[in-house]
Structure formats: C-alpha cells, structure tokens
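Number of protein chains: 4
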Amino acid sequence: MSGVVSTIAQRVQFGDCDPARIVYYPNYFRWCDVNTHTLFEKAGLSARELADRFGVHTPIVDAHLEFRTPAKWGDDIEVRSEVSRWGSRSLTVSHRISHAGSGDVIAEGHTVHVCVRPDPETGKIGACEVPQELRDAFEVGEAGN
Amino acid sequence: MSGVVSTIAQRVQFGDCDPARIVYYPNYFRWCDVNTHTLFEKAGLSARELADRFGVHTPIVDAHLEFRTPAKWGDDIEVRSEVSRWGSRSLTVSHRISHAGSGDVIAEGHTVHVCVRPDPETGKIGACEVPQELRDAFEVGEAGN
Amino acid sequence: MSGVVSTIAQRVQFGDCDPARIVYYPNYFRWCDVNTHTLFEKAGLSARELADRFGVHTPIVDAHLEFRTPAKWGDDIEVRSEVSRWGSRSLTVSHRISHAGSGDVIAEGHTVHVCVRPDPETGKIGACEVPQELRDAFEVGEAGN
Amino acid sequence: MSGVVSTIAQRVQFGDCDPARIVYYPNYFRWCDVNTHTLFEKAGLSARELADRFGVHTPIVDAHLEFRTPAKWGDDIEVRSEVSRWGSRSLTVSHRISHAGSGDVIAEGHTVHVCVRPDPETGKIGACEVPQELRDAFEVGEAGN
Numbered sequence: 001m002s003g004v005v006s007t008i009a010q011r012v013q014f015g016d017c018d019p020a021r022i023v024y025y026p027n028y029f030r031w032c033d034v035n036t037h038t039l040f041e042k043a044g045l046s047a048r049e050l051a052d053r054f055g056v057h058t059p060i061v062d063a064h065l066e067f068r069t070p071a072k073w074g075d076d077i078e079v080r081s082e083v084s085r086w087g088s089r090s091l092t093v094s095h096r097i098s099h100a101g102s103g104d105v106i107a108e109g110h111t112v113h114v115c116v117r118p119d120p121e122t123g124k125i126g127a128c129e130v131p132q133e134l135r136d137a138f139e140v141g142e143a144g145n
Numbered sequence: 001m002s003g004v005v006s007t008i009a010q011r012v013q014f015g016d017c018d019p020a021r022i023v024y025y026p027n028y029f030r031w032c033d034v035n036t037h038t039l040f041e042k043a044g045l046s047a048r049e050l051a052d053r054f055g056v057h058t059p060i061v062d063a064h065l066e067f068r069t070p071a072k073w074g075d076d077i078e079v080r081s082e083v084s085r086w087g088s089r090s091l092t093v094s095h096r097i098s099h100a101g102s103g104d105v106i107a108e109g110h111t112v113h114v115c116v117r118p119d120p121e122t123g124k125i126g127a128c129e130v131p132q133e134l135r136d137a138f139e140v141g142e143a144g145n
Numbered sequence: 001m002s003g004v005v006s007t008i009a010q011r012v013q014f015g016d017c018d019p020a021r022i023v024y025y026p027n028y029f030r031w032c033d034v035n036t037h038t039l040f041e042k043a044g045l046s047a048r049e050l051a052d053r054f055g056v057h058t059p060i061v062d063a064h065l066e067f068r069t070p071a072k073w074g075d076d077i078e079v080r081s082e083v084s085r086w087g088s089r090s091l092t093v094s095h096r097i098s099h100a101g102s103g104d105v106i107a108e109g110h111t112v113h114v115c116v117r118p119d120p121e122t123g124k125i126g127a128c129e130v131p132q133e134l135r136d137a138f139e140v141g142e143a144g145n
Numbered sequence: 001m002s003g004v005v006s007t008i009a010q011r012v013q014f015g016d017c018d019p020a021r022i023v024y025y026p027n028y029f030r031w032c033d034v035n036t037h038t039l040f041e042k043a044g045l046s047a048r049e050l051a052d053r054f055g056v057h058t059p060i061v062d063a064h065l066e067f068r069t070p071a072k073w074g075d076d077i078e079v080r081s082e083v084s085r086w087g088s089r090s091l092t093v094s095h096r097i098s099h100a101g102s103g104d105v106i107a108e109g110h111t112v113h114v115c116v117r118p119d120p121e122t123g124k125i126g127a128c129e130v131p132q133e134l135r136d137a138f139e140v141g142e143a144g145n
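Read top to bottom, the protein sequences are chains A, H, Z and F.
Everything in the first sequence is counted per the working numbering, starting at 1 for the first residue and increasing by one.
Everything in the second sequence is counted per the working numbering, starting at 1 for the first residue and increasing by one.
Everything in the third sequence is counted per the working numbering, starting at 1 for the first residue and increasing by one.
Everything in the fourth sequence is counted per the working numbering, starting at 1 for the first residue and increasing by one.
Careful, some of the hints might be misleading.
Pairs count within a copy or across copies, as identical chains cannot be separated in the list.
In silico SDA-like pairs for lysine to any residue, Cα to Cα no more than 20 Å straight-line [unchecked claim]:
#1 K72 to A20
#2 K124 to W86
#3 K42 to T122
#4 K124 to P26
#5 K72 to A51
Hints in this document: simulated from the structure, not taken from any laboratory.
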C-alpha cells in the first residue's frame with residue numbers, strides 16, 4: 001500500500017444535513033471524491049494535471065460505503081483516504097470518515113477508478129494503462145510489483 | 001421480492017455533470033435516494049409519513065453502485081428501484097440506472113436501510129423493527145416470511 | 001418578451017431539504033438553471049448545442065431570488081422560466097417558483113446570462129454577441145429590435 | 001456595521017465545476033451559506049444554538065450575487081462575509097468571493113435573513129424579533145441603534 005495518505009478535516013454544515021438532521025449520505029461520496037483529488041495533489045500529480053498533461057481521466061467504476069454512526073450538523077469530522085490497491089488500468093482508494101474528537105468511525109469504504117483516455121484517432125474514450133508518472137508519484141514502482 | 005417497482009425518467013442536466021462532461025457520480029446516489037422515496041410513496045407509505053406517523057427514519061447503512069457506462073449531459077436516463085430483501089430491522093433496495101433509449105446499464109447496486117426511532121424515554125435514536133405497516137404496504141406479510 | 005415559456009413540475013425531495021425541513025435555498029438556483037436549459041431546449045437550441053455548434057457558453061453574471069414562502073419536503077412545486085430581456089451580448093431569464101396546487105409563489109427572481117466564446121486565436125474566453133440562431137430560436141428578430 | 005467578519009478559504013474542487021470547467025454557480029450560494037454559519041459561530045452564537053436554544057431559524061428571503069470573473073477547477077478562493085445591516089426582524093449578510101492570490105473578485109452580493117420561530121401555541125412558523133442574544137453576540141447594541 002502506498003505511503004501517501006490524505007486526511008481532510010471539516011465541520012458538518014447545515015446544508016450538508018437532511019430533515020433527519022444528519023448528513024445527507026450522497027455528501028459522503030462527494031467528500032471521498034474531494035479527498036481523492038487531494039490525495040493525488042499530495043502525491044504530486046493532481047487529477048487535473050493528469051487530464052491536462054496526459055488526457056487521462058479516472059472515472060469511478062465502483063463506489064461503496066458502509067455507514068456505522070451518523071454525523072450531525074456541527075460535528076467535526078475527518079476523511080482519510082489512501083490508495084489501497086494498484087491494478088494495471090485501475091486503482092482502488094480506501095476511505096474512512098470518522099469523528100474528529102472520538103475517532104469513532106462514521107463510514108468506511110472504497111472507490112475504484114479506471115484510467116481512461118480518448119483514442120488519439122477516433123477520439124473515443126477507452127480504458128488505458130495507469131500512467132507510470134502516476135505510479136511514480138505514489139512511489140509504487142512498476143505495474144504488478 | 002416485492003412487486004412494487006419505481007422507475008423515474010430524467011434528462012441529465014448541465015449541473016449534474018463535471019468537467020469530464022459526464023455525471024458527477026455522487027449524483028447517482030442522490031437519484032437512488034430520490035427513487036427510494038418515490039418507491040415508498042408508490043407502495044403507499046412514504047418515508048415522510050413513516051417519520052411523521054411512527055417517528056421512524058430509514059437511514060442508509062450500506063450504499064454500493066457499480067458503474068458500467070457513463071451518462072453525459074443531455075442523456076435521457078431511467079432509475080429503477082425495488083425492495084430486494086426484507087430483514088427484521090432493515091431492508092435492501094436494489095437500483096439500476098440505464099439509458100432510456102438503448103436500455104444500456106449505466107450503474108447497478110443497492111442501498112441497505114435500517115429502521116431507527118427515538119427511544120420514547122431517553123429520546124436516543126436506536127434501531128427498531130420494520131413497521132408492519134411498511135411491510136403491509138409492500139405486501140410482504142410477516143417478518144421472516 | 002419572447003413567447004417561449006418553460007414550466008417544470010417536481011416534488012420536493014427529502015435530500016432537497018435541510019434540518020429546518022424546508023428546501024435548502026441553493027437548490028432553487030439549481031432548479032432555475034435546470035429550467036433555463038429546458039427553456040433553451042424548448043426554443044429549439046439547447047445550451048449544449050450552443051456550446052457544441054458555436055463554442056458559445058452562457059455563464060451567469062447575476063442571480064437574484066426573493067423568497068416568499070418556504071417549500072417543504074413532499075410539496076409539489078413548479079418552476080416557470082422565460083426570457084424577459086434580450087441584450088446584444090446578454091439575456092435575462094425570469095423565474096417564478098410556486099406551489100403546484102395553490103399557485104402560491106415560493107420564490108421569484110432572475111438570472112442574467114452573457115454569451116462567451118473562446119477567442120479563435122488566443123483561446124481566451126471573452127464576451128460575444130448573442131448568436132442570431134439563438135435569437136431566431138426565440139423568435140425575437142434582430143438585436144435591439 | 002458589525003466588526004465580526006468571517007473569511008473561509010478553499011480550493012475549487014472537480015465536483016464543484018460544470019462541463020464548462022468553471023464553478024457551477026449554485027455552489028457559490030452554498031458557500032455563502034456555509035460562511036454565514038461560520039460567521040455566526042465566530043460571533044459566538046451559532047445558527048444551530050439559535051435553533052436549539054431559542055427555536056429561532058434564520059431562513060433566507062433574498063439572495064443576490066453578481067459574478068465578475070469565473071473560478072476554475074483547482075483555483076484557491078476566499079469567501080468573506082459579514083453582517084452589513086440589522087433590522088428588527090431581519091439581518092443582511094454581505095458576501096465577497098475572491099481569488100486567494102490576486103484578490104480579484106469572483107462574486108459579490110448579499111443574503112437577507114429573517115428570524116422565524118414556531119408560535120408557542122399554534123406551532124405555526126412566523127417572523128420574530130432578532131434575539132437580543134444574537135445582537136449582543138455581534139455587539140450591535142439595542143434594535144434600531
């Protein structure tokens with residue numbers, strides 16, 4: 001597992017919550033996405049650079065979260081994300097969302113991202129190898145290793 | 001599996017999409033949630049009634065979607081949801097999002113909901129049995145059957 | 001004022017509402033945006049076509065809503081939008097959001113959109129004339145008329 | 001004008017942007033709302049406390065933003081908010097969103113909030129005086145002064 005880890009801290013906002021006064025759950029996936037981007041930036045190769053320099057996007061093919069305890073309006077929470085698996089054309093990012101104070105887990109899960117790129121000739125979007133530059137950024141060496 | 005099925009049709013909006021010009025994926029979970037509510041309404045007992053009449057909310061403890069093909073700005077899509085499993089204190093709703101024309105699957109997955117209710121004495125929120133009225137609405141008979 | 005009007009009807013969803021159990025107000029701007037796109041489609045030249053065929057986007061330079069009465073979870077509402085003013089490089093879309101049953105106004109206001117396009121040489125985004133094709137679609141004749 | 005000012009800094013995220021690769025504008029209203037809450041917290045009486053202790057909510061009756069320059073995916077921005085006017089039953093919060101580096105203004109505007117509270121007898125929500133505790137928190141003295 002790569003040593004690069006990103007942890008973002010935030011306060012649950014009024015607008016993040018639903019009539020039950022807890023976080024409206026799709027927001028957790030939004031925050032996992034935000035922290036995935038932050039993780040790439042921290043590794044030194046942002047998704048934006050990846051798109052601009054290599055034409056490579058990393059859309060999600062699988063997203064899964066299990067929810068342990070709710071987070072309420074005003075709670076201070078942390079989102080911790082890291083790459084837990086590298087494939088030849090995909091990577092898995094593990095996410096853990098917890099209460100900042102107690103460390104109690106709010107949600108745990110992962111997102112699987114595939115690398116895609118428009119075909120230079122047809123322009124059609126298709127899967128591609130994980131750019132070596134991205135692996136290098138996370139210091140995981142060659143594919144398969 | 002209950003016979004009640006809800007299918008909602010919609011056009012992917014500009015604001016649903018990201019710089020990659022495809023649906024920003026947390027929106028799929030939002031739409032699954034919208035259709036889960038529509039499903040309950042169709043069964044005849046809305047989540048809102050459930051909250052107002054019984055004090056019961058159905059927060060999500062597990063949310064999982066696999067993404068097959070992207071949906072782009074302007075695409076017409078359908079979200080099809082139904083209860084695929086009843087537990088004593090939980091229910092699983094299966095979701096399939098597809099292109100309206102071709103029927104090509106965009107995403108498939110499920111959400112697991114637990115029934116919770118504030119304790120009449122302490123007011124503390126805790127798990128509770130699935131209200132019989134909800135089972136009846138979906139015509140699945142007694143718990144465990 | 002152009003005769004083209006778009007009205008969309010929808011039910012206020014659980015996830016649209018905040019802990020006060022009323023619509024979280026930024027959603028109203030999202031719905032105005034959705035209906036602005038629907039309005040353009042209804043006129044026969046969608047914002048997407050406008051972007052794809054002419055490279056013209058219509059970002060918002062002014063957004064204003066006044067809120068009369070709240071809308072609650074489960075309410076059926078309507079969003080009515082139409083172009084209320086054409087400028088040489090901009091257009092104003094008026095929006096009225098109301099309760100479907102009573103017609104009671106929930107919110108009223110407008111968004112002002114400018115036409116922008118990347119400079120063919122520098123690629124720099126800059127303001128441009130409202131494409132005649134867009135005016136024609138709304139049947140408002142020549143600029144200034 | 002009260003001396004209490006809240007400024008929040010953030011990076012524009014992928015998911016905040018639309019296919020035009022700029023911030024999807026309803027997000028600006030969301031951020032103004034977040035910073036309004038942060039402003040209240042900074043003054044020492046959060047909207048949440050206001051709701052929990054006094055049963056008072058501060059829904060928005062008017063929201064207006066003018067947009068000067070777009071913010072793009074990856075930009076670092078600041079949202080600066082302060083109370084610019086106190087009424088007997090309302091307050092106006094002014095917002096300025098700018099680029100963190102250059103200070104270039106992205107958007108400027110305001111939100112007007114009324115104080116509402118459920119009637120102790122009927123439970124019906126209605127306008128009420130701005131709680132003195134809120135004025136005190138912002139150190140603006142008596143109403144009308």
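Hints and how they fare:
Taking the shortest alpha-carbon separations for K72 and A20, both the intra-copy value of 9 Å and the inter-copy value of 13 Å come in at or below 20 Å. In this assembly of identical chains, the alpha carbons of K124 and W86 never lie at most 20 Å apart, being 25 Å within a copy and 38 Å across copies at closest. Taking identical chains as interchangeable, the C-alpha atoms of K42 and T122 are never at most 20 Å apart, the minima being 33 Å within one chain and 32 Å between chains. With identical chains, the CA atoms of K124 and P26 are never at most 20 Å apart, being 30 Å at best within one copy and 24 Å at best between copies.
In this assembly of identical chains, K72 and A51 lie within 20 Å of each other by CA distance solely across copies; the values are 14 Å between and 36 Å within a copy.
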